[in-house]
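Trainee: In order, the protein sequences belong to chains A and B. The opening position of the first sequence corresponds to residue 128 in our numbering, with each subsequent residue numbered one higher. The opening position of the second sequence corresponds to residue 0 in our numbering, with each subsequent residue numbered one higher.
Don't read these hints as lab results, they were simulated from the structure. None of these values were measured; they are calculated from a predicted model. C-beta: ideal position from N, C-alpha, C; glycine also. A hint or two may mislead.
Lysine-lysine pairs mimicking BS3-like chemistry, simulated, CA-CA at most 30 angstroms apart [said to hold, decoys possible]: (1) B/Lys71 <-> A/Lys286; (2) A/Lys150 <-> A/Lys210; (3) A/Lys288 <-> B/Lys76; (4) B/Lys71 <-> A/Lys210; (5) A/Lys288 <-> A/Lys278; (6) B/Lys71 <-> A/Lys150; (7) B/Lys76 <-> A/Lys149; (8) A/Lys277 <-> B/Lys85.
Coverage of chain B stretches by chain A, computed from C-beta distances (three or more under 8 angstroms per stretch; other residues unrestricted) [unchecked claim]: (9) 39–49; (10) 69–81; (11) 113–123; (12) 147–160; (13) 165–174.
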Amino acid sequence: MIDPGKAVEKSRESSSEGPSGKKILTAILFGLAFGFLLQKGGVAKYNVLIGQLLLQDFTVVKIMVSAIIVGMVGIFTLNRFAKVNLHIKPTRIGAQTIGGLLFGAGFALLAYCPGTGAAALGQGSWDILFGMAGLVAGSYLFAEMSGWLKKTVETWGDKGKITIPDLLHLPRLPFAYAAAVLLAIGLFYLHRIFPR
Amino acid sequence: MKSLMIVPLLCLPTLATAADFGVDATDYDGPAWSPYLVGAAIGVLSWLSFYFADKPIGASSFYATIAGFVGKVLAPKHTESLRYFKDNPPALDWGFLFVIFTILGGLLAAWTGGEFRNEWLHPMWVARFGEDSMLLRGVIGFAGGALMAFGARLADGCTSGHGISGTLQLNAGSWLTVIAMFLAGIATAMFLYTAL
């Protein structure tokens, strides 16, 4: 069997260091496409974002789940044939539970999140500027505490780079296909309950 | 896992109808394009980003990079001594360029769709907090941004890095983070639209 991770690493090692011309072009094109899609998807709009958290408008979940289904099937298939590397971030139960809760509270206050906020700025929703100032300040505050956090909270429940199929001792590719089918069924019923 | 996903789905309609916030997010402009189409396209974008750039899509580190640059101007020695900036020295890298062009992508989409807003307060915010609420929006927006950035750095990702790129790789920690984000987000948003 091919070892997907290593196979790609070797063929791409030269291009991963330093911002080469091709790499810069991908950042420009993919960034443009991402912002364009977020705005067209309505998730740069205050009401759509806060409406999701008030459970009045399910656009955000529909976009996220659709992206997960399509992305998951493609990425795991490409990875199986050694065309892409996975980029699994470590699972840290303490830091991610606390960080996720803090993030969620902040998300509800601002309504825009870091990515949709960038699209909202392009869309001329100037209230994101207050939030962007806060995002920079909050990042610095984190950096200020990062030495201590790394020794404490970030060590709580550190499970390393692990996926859900790894946890269940199931093969990744079939699990990804099955999860995509389940999510698609979930999306179908979500649409029936919440047309928007 | 299947049963875990079905429980919240069953609860959603009851929650949504039980809560009355005096405003309805769906009274305002929704998405210009189908959320399923936009989500699927973001999924395809993730394939391209993994394949051509060997990078997952993410947004929150953009703000940490700016925080690092600002810190290096205002307090260079102190900033360089911080753990986070030692591990992640601020640089105009792929992720930074990506978010700059996300802003432009949002502009392009809004412009082509006749949706450029040029507004400081969204009508739904005004319906909830009144015309004369710029200071409140500033304070709440800044606090929200700060909380989000702190949470995103602690969890090592935001609604893009964990919510899309991490979940589609079935990363255990990303699913944990996203669940925590939405739980706190829903609770805080409902508080914001009833209690204040």
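Trainee: Taking only the CA atoms, is the gap from A/Lys277 to B/Lys85 under or equal to 30 angstroms?
Mentor: With Cα atoms ~13 angstroms apart, A/Lys277 and B/Lys85 stay inside 30 angstroms; holds.
Trainee: Against chain A, does the stretch 147–160 of chain B show at least 3 residues with beta-carbon separation below 8 angstroms?
Mentor: holds (count 14)
Trainee: Go check the stretch 39–49 of chain B versus chain A for me, would you? Three or more residues, Cβ under 8 angstroms, otherwise it fails.
Mentor: holds (count 11)
Trainee: Regarding the pair B/Lys76 and A/Lys149, is the alpha-carbon distance no greater than 30 angstroms?
Mentor: At roughly 35 angstroms apart (the allowed maximum being 30 angstroms), A/Lys149 and B/Lys76 break the hint.
Trainee: Three or more residues of the stretch 69–81 of chain B near chain A by CB distance under 8 angstroms?
Mentor: n = 4 at 8 angstroms, threshold three: holds.
Trainee: If you draw a straight line from the CA of B/Lys71 to the CA of A/Lys286, is it 30 angstroms or shorter?
Mentor: 34 angstroms, violated
Trainee: Apply the coverage criterion to the stretch 113–123 of chain B and chain A: a residue qualifies when its Cβ sits closer than 8 angstroms to a Cβ of the chain, and three qualifying residues are needed.
Mentor: holds (count 10)
Trainee: For the pair we were handed, A/Lys150 and A/Lys210, check the Cα-Cα distance against 30 angstroms.
Mentor: 17 angstroms, holds
Trainee: Between B/Lys71 and A/Lys150, does the CA-CA distance stay at or below 30 angstroms?
Mentor: This hinted pair holds, its Cα atoms lying about 26 angstroms apart.
Trainee: For the pair supplied as a hint, A/Lys288 and B/Lys76, confirm whether the alpha-carbon distance does not exceed 30 angstroms.
Mentor: With Cα atoms ~33 angstroms apart, A/Lys288 and B/Lys76 exceed 30 angstroms; violated.
Trainee: Holds or violated: A/Lys288 with A/Lys278, Cα cutoff 30 angstroms?
Mentor: Satisfied, since the Cα-Cα distance of roughly 19 angstroms is no more than 30 angstroms.
Trainee: Is the straight-line distance between the alpha-carbon of B/Lys71 and that of A/Lys210 30 angstroms or less?
Mentor: The hint is violated at about 39 angstroms.
The structure shown violates the earlier hints numbered 1, 3, 4, 7.
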